[in-house]
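Engineer: Given chain A, put chain B in place with the hints provided.
Heads up: the sequence lines are chains A and B, in that order. First residue of the first sequence: 1, per this note's numbering; consecutive thereafter. First residue of the second sequence: 1, per this note's numbering; consecutive thereafter.
Just so you know, the hints here were simulated from the structure itself, not pulled from any lab data. Glycine included, each C-beta is placed from N, C-alpha and C at the ideal position. Among the hints, erroneous ones may be present.
Heads up, incomplete: computed chain B residues facing chain A, CB under 8 Å, no partners named [to be verified]:
| hint | residue |
| --- | --- |
| 1 | 18 |
| 2 | 26 |
| 3 | 51 |
| 4 | 52 |
| 5 | 146 |
FRET-style restraints, in silico, Cβ to Cβ [claimed, not checked]:
| hint | chain 1 | residue 1 | chain 2 | residue 2 | range |
| --- | --- | --- | --- | --- | --- |
| 6 | B | 146 | A | 64 | 53 to 61 Å |
| 7 | B | 117 | A | 259 | 30 to 38 Å |
| 8 | A | 143 | B | 6 | 48 to 56 Å |
| 9 | B | 8 | A | 182 | 49 to 57 Å |
| 10 | A | 29 | B | 170 | 33 to 41 Å |
| 11 | A | 167 | B | 11 | 44 to 52 Å |
| 12 | A | 167 | B | 6 | 13 to 21 Å |
| 13 | A | 147 | B | 11 | 52 to 60 Å |
| 14 | A | 261 | B | 8 | 29 to 37 Å |
| 15 | B | 8 | A | 36 | 50 to 58 Å |
| 16 | B | 105 | A | 36 | 18 to 26 Å |
| 17 | B | 8 | A | 181 | 24 to 32 Å |
| 18 | B | 6 | A | 7 | 21 to 29 Å |
| 19 | A | 4 | B | 50 | 43 to 51 Å |
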Amino acid sequence: MNARSFTDRDIHLALDGELPEDERAAYQMWLEANPDMKAKSLRYAADNAALRNLFVGVLEEPVPSRLEAAVNGDGPKRKEAAQWWRMAAAATLLIAGGLAGYLAGANGIGFGSDDDDRMAELAIAAHQTFAADKNRPVEVDGSDQAYLTGWLSKRTGLTLVAPDLTKNGFELLGGRLVPANGTTAALMLYADAEGNRISVYVTTEGTERSKGTYTLASGGPEAVYWQDKGYGCAIVGTLPPEQMGVVAKDAYKQLLAGAGLT
Amino acid sequence: MRSAVMDEKKAAILQEIPRLRRYARALLRDRDSADDLVQDSLERALVRMDNWRTGESPRRWLFTIMHHLFIDQMRKVSRRGEASILPLDASEALATPATQAESVASREIVDALQQISPDRRAALVMVAIEGFSYAEAATMLGVPAGTLMSRIARGREELRGLLDDQARRRAIRIVEK
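Next up, chain A with everything else stripped away, as it sits in the complex (with noise of 0.2 Å):
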C-alpha cells in the first residue's frame, strides 16, 4: 500500500476512523503537500466537531416519562395526536377507504402491527428462498402472463395482474405459489440487468388497512407492504430505500388498479 494516492474521499475515512493505521502517515504528507486537501480537512473537522457538540445536551436531559411508560408498557399507548406520523398515513387511509377506515386507524386498534409483521416477515422468507435461487426461481415463467396470472388468480382467491416494472428496470421473472399464513399466496419475482431481483407478494390475509416497511432485526431485504382486509401485497427486496419505494408504490398501485380497488 505504498503508492496508494489519496482523494478527498479519504478525507472523510480519516475523519470518521475508517482509514487503516498503516495508510495514515501516508495520508498525513498526502495532506501536507496538498493544502487545498488540508484546507478541506481542517474544515469538515471543525463541522464535524460542531455537529458533535450541538446535541451533547441532549444524552443529559431527564428521560420523559411517557418514553419510560412506553417501554414498561403502562403508558398511554399511541397518542395519536402527537404523532405526526401517523397523522399523515391516517390522512391518506382517509382519501383512500372514507371515514370508517379512518376512524379505525386513528383510534389505534393496535394498528394490526402484529398482522403487518406476520405477512412482512412471511414475503421476507419467501424472498429469501426463492429471488435466492439461481435456476429456478419461479414455478411459471413470466414469458405467458395471462397463463400466469390465471393461475395465480385462481389459486389464491385474488384477481392478479403482473405489475409492469420496466420502468423501474424489472423484467418479470416468473411466479410461484407460496404459503401465507394459514392460506396461499402469489409470489412474482422480477430482475433487473444487474441481476437484483424483487418480489411482490400478494395475499388474500389482512385484517386492517396499514401500510410500512419492515426488515428484520438481523438485516436482510427490505419489505415494503400494504394490507387491507382480505388484501395483503408486500414488495420485497434489497434496493436503495427511496428506489424501493419507487417500485413499491408503481407494483402496488397496479396491483390496486388491476384488481378494480382504486
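Structural biologist: For chain B alone, coordinates are given in the frame of chain A:
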C-alpha cells in the same frame, strides 16, 4: 422465567433512550416531534421483542427501527407534499424556546443539518454524532457501504455549502446595518 428475561430486556432498552433521543433530535430538530419518534420506535420495538437476540446490545436494533420509521415518514411526507407538518422551517424553530442558549453558530448548523436530504442527514448523524462505524451505519440504514460513504461525503459537502451561504448572508446583513 420469561418475565425476568423481559425485565432485563426492558432495562437494556431504557438505557438506550438518551441516545435514541439525541439521534431523533438531530434528525428532526423539534423536541416534541423527536420524542414522538422515539416513543413510536419504542412501542414498535416492544411488539417485536423477539427480533432482538438476547445477549446483544439493543442499540443497533433500536436505531434500525427508528431509522425505518423516520425514512418511512419522510417518504410519506414528500409524496404528499406536506413538508409543512415538519418543523423544518428555520423561523418556526426560532420560535421554539431553546432549553439552552443557542448561539448563532449552533443555530446555523442545526438549520443547515435540517436542509440536507433525509438520507444524507441520517448517514451523517449516525457517523459524525452517534459515532457508529461505517459498517454499523450501513447495516442500520440498510444500504451498501459504498452508498453510505457517498452519502457522508455528499452530506458534508452540502452542509459546508449551506453554512457558507449562511455566513455570506450574515455578512451582507452586517454590511446593511
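Engineer: For every hint, state whether the structure bears it out.
Structural biologist: Checked hints:
| no. | hint | verdict |
| --- | --- | --- |
| 1 | 18 | holds (5 Å) |
| 2 | 26 | holds (5 Å) |
| 3 | 51 | holds (4 Å) |
| 4 | 52 | holds (6 Å) |
| 5 | 146 | violated (10 Å) |
| 6 | B:146 / A:64: 53 to 61 Å | violated (38 Å) |
| 7 | B:117 / A:259: 30 to 38 Å | holds (34 Å) |
| 8 | A:143 / B:6: 48 to 56 Å | holds (52 Å) |
| 9 | B:8 / A:182: 49 to 57 Å | violated (34 Å) |
| 10 | A:29 / B:170: 33 to 41 Å | holds (37 Å) |
| 11 | A:167 / B:11: 44 to 52 Å | holds (50 Å) |
| 12 | A:167 / B:6: 13 to 21 Å | violated (48 Å) |
| 13 | A:147 / B:11: 52 to 60 Å | holds (56 Å) |
| 14 | A:261 / B:8: 29 to 37 Å | violated (45 Å) |
| 15 | B:8 / A:36: 50 to 58 Å | holds (53 Å) |
| 16 | B:105 / A:36: 18 to 26 Å | holds (24 Å) |
| 17 | B:8 / A:181: 24 to 32 Å | holds (31 Å) |
| 18 | B:6 / A:7: 21 to 29 Å | violated (50 Å) |
| 19 | A:4 / B:50: 43 to 51 Å | holds (46 Å) |
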